[in-house]
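From first to last, the protein sequence lines are chains A and B.
One point on numbering: in the working numbering, the residue at position 10 of the first sequence is 10, and numbering is uninterrupted.
One rule links them: number in the working numbering = place in the second sequence (from 1) + 1000.
If you are wondering where the hints come from, they were derived from the structure by calculation, not from laboratory data.
This one's a predicted model, so the numbers in the text were calculated from it and none came from an experiment.
Where a beta carbon is used, it is the ideal one built from N, C-alpha and C, also for glycine.
Among the hints, erroneous ones may be present.
Unchecked claim - Residues from chain B shown here face chain A by an in silico Cβ test under 10 Å; the list is partial:
| hint | residue |
| --- | --- |
| 1 | Leu-1061 |
| 2 | Glu-1062 |
| 3 | Ala-1073 |
| 4 | Ala-1114 |
| 5 | Leu-1140 |
| 6 | Gly-1176 |
| 7 | Arg-1187 |
| 8 | Thr-1218 |
| 9 | Pro-1227 |
| 10 | Glu-1247 |
| 11 | Ala-1251 |
| 12 | Gly-1255 |
Each chain, written out:
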Amino acid sequence: MALSRRPLGQLEAEVLAAVAAGGPISAADVVARIPGEPAYTTINTILFRLHDKGMLARVRDGRQFLYRTAVDEARVVADRMHDHLRHASDSGSVLNRFVQSLSPEEELELRRILAERGAAP
Amino acid sequence: MIWLTFLPAGITLALGVLLGRVGLPLHPVWTARVLCTVAAMTVPAAAGTLGFVAVNFWATLEPAAAGRMPEWALFGDDEPVPVPLGVAAIVLLVAGLCVTLRLASRWVAEVRSAQDLAQSLLESDVPMAVSVPGRRGGVLASRGLYQVLGAAELEVVFHHEASHLRHGHHRYLAAGSLAAGLLPPLRRLNGRMRFSLERWADEDAAEAVADRELVALTIARVALLQPSGEPGPLPAFADSGILRRVEALMARAPGRNPVTGPVSLLGTGLVTGALALTALQIDHAFTHAFL
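Please construct the entire structure, taking both the sequences and the accompanying hints into account.
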């Protein structure tokens, strides 16, 4: 019960911490390391999701996966900050960001302009 | 004559939609100001009209209370407000209030977290710079920006962001996004205004470093170093405006419009201001109070 009330982000962070401390680690071992007896399926889902996000790497070990962190902690923090500012400059924001991301067509055109000027991108 | 009630807000909104579609042949400084004025005036015009309809609807339901209301707040005739119209006005007012509150809380959260981040160098390899308004604000730059740019290019970025801060561009952004949030037909106006604010800062930076091409190349380089395929706000428009910014800087500097600029702004301000005041029934209030 206590677990289901925990915000998902927190559980994610705890799973990440468990993997960082003990990796390569199986899902069952992650469950054992997290206080509050979380359900195996919950943890497994979170591991899958973190793997999808590219934050965990995994190798097959028999019938299960072993997980380890794919990025170091500093990178994760930096990415989170970047994520935070990603929406600066979208149409409802009051923050001005120097440039936004380009669409693929714009990128091509921009590279062409730079090449014409003889400038390295 | 109930349809006349909607005329001021209608004209202002139509002007906003038109200016969202047709570019103004002015320096970005003046374009941004004109567009922001229209956006800022459409909001009170629309809100005033809806409020007026809502008040009269209420007066229709409660004739006793209506007797105690100032005469200027009511339609001149005793024609009742149709129920669908009255209900729609109230629903739209409440929805507008919700949108306003949501946007305002978003801005506060956004600026606060950016102010916290602005106290130090942003630990990110993505080259980026954000101007953060407020006393604890400033230019927030990332480690990646220092890594990839030379001194001259860094100067460009800082002049650009400093221009945003110096001219209080966050106020324009707030007015524009409020107008677009409340009145979806003004989204393009908001987009155009945001673009002209970037152009304004680009022109300021170009003037400060006295090298248009350097500014263009800096924008292009930093833009190309942004992580691609980022599911950002872009796909909806598929145009970040960066290409147009670069092209504008590769071309000759736009005229500064020392006469047409102020005249356009003054004209727009007077017209939309008068319409907004009419929509708010200020003219009636004035007549009843003093004449």
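Hints versus structure:
1. Leu-1061: This interface hint is violated because 36 Å lies over the 10 Å limit.
2. Glu-1062: 38 Å, violated
3. Ala-1073: Hint violated; Ala-1073(B) Cβ to chain A Cβ min 33 Å, cut 10 Å.
4. Ala-1114: At 6 Å from the nearest chain A Cβ, Ala-1114(B) passes the 10 Å test, so the hint holds.
5. Leu-1140: 8 Å, holds
6. Gly-1176: 8 Å, holds
7. Arg-1187: 7 Å, holds
8. Thr-1218: Thr-1218(B) check passes; min Cβ-Cβ to chain A is 9 Å, inside 10 Å.
9. Pro-1227: 7 Å, holds
10. Glu-1247: 8 Å, holds
11. Ala-1251: 12 Å, violated
12. Gly-1255: The hint is violated - Gly-1255(B) has no Cβ within 10 Å of chain A, the shortest such distance being about 24 Å.
In terms of the numbered hints stated before, the structure departs from hints 1, 2, 3, 11, 12, listed from lowest to highest.
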